[in-house]
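Participant: Sequence:
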Amino acid sequence: MAKQYFTLTGCNHYFGNDFMKKGMKVKLKKEPKNEYDAEAIMVKMKGIGKVGYVANSAYTVQGDTMSAGRLYDKIGKKAKAKIVYVIPGGAICKVIEETREACGGIPSPKIDEDANEIKLGTKYEEEH
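Sequential numbering of the sequence shown, starting at 20, is according to the working numbering.
Any given hint could turn out to be false.
[What the hints assert, rightly or not] The calculated DSSO-like cross-link candidates involving lysine-lysine, where the alpha carbons are at most 30 Å apart (straight line), are:
hint	residue 1	residue 2
1	K46	K69
2	K65	K48
3	K48	K101
4	K52	K63
5	K63	K48
6	K113	K65
To be clear, the hints were calculated from the coordinates, so they are not data collected in a lab.
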């Protein structure tokens, strides 16, 4: 499986992200009946519950991470991930386990997990 990174966003609507640390595990669960986004992927933490969603907008997807739309068909109904960076309002995470074999597709970008910083910004900001 190619490395798949995504932006965890919307944390401020739940518990914030002050408690999040690099290496913490999260669970992903598709929400096909979400009234706002048919490709919504909820992010949960054990003992806490919902902490946010996989970003799915040019305004919330950071750098070259995958949007929920790009990730949606590459995971099963559920998947596991870990936090690799904590960023303002969310985190950058890497998928570490899927409930079924991923479909083929575009390999995700390379991200240096050992770096002390990450370039933030959206594709929208880079274009304008």
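Participant: Each hint should be assessed against the structure and marked as holding or not.
Facilitator: Structure-based check of all given hints:
Our distance criterion of 30 Å between C-alpha atoms is met by K46 and K69, whose separation comes to about 9 Å. Distance hint between K65 and K48 is fulfilled; the C-alpha atoms sit about 13 Å from each other, no more than 30 Å. This hinted pair checks out: K48 and K101 have alpha carbons roughly 14 Å apart, not beyond 30 Å. Restraint check for K52 and K63: the C-alpha separation of about 17 Å stays at or below 30 Å, so the hint holds.
For the hint linking K63 to K48, the alpha-carbon distance of about 8 Å falls within 30 Å, and the restraint holds. A C-alpha spacing of about 17 Å is found between K113 and K65, which places the hinted pair at or below 30 Å, so the restraint holds.
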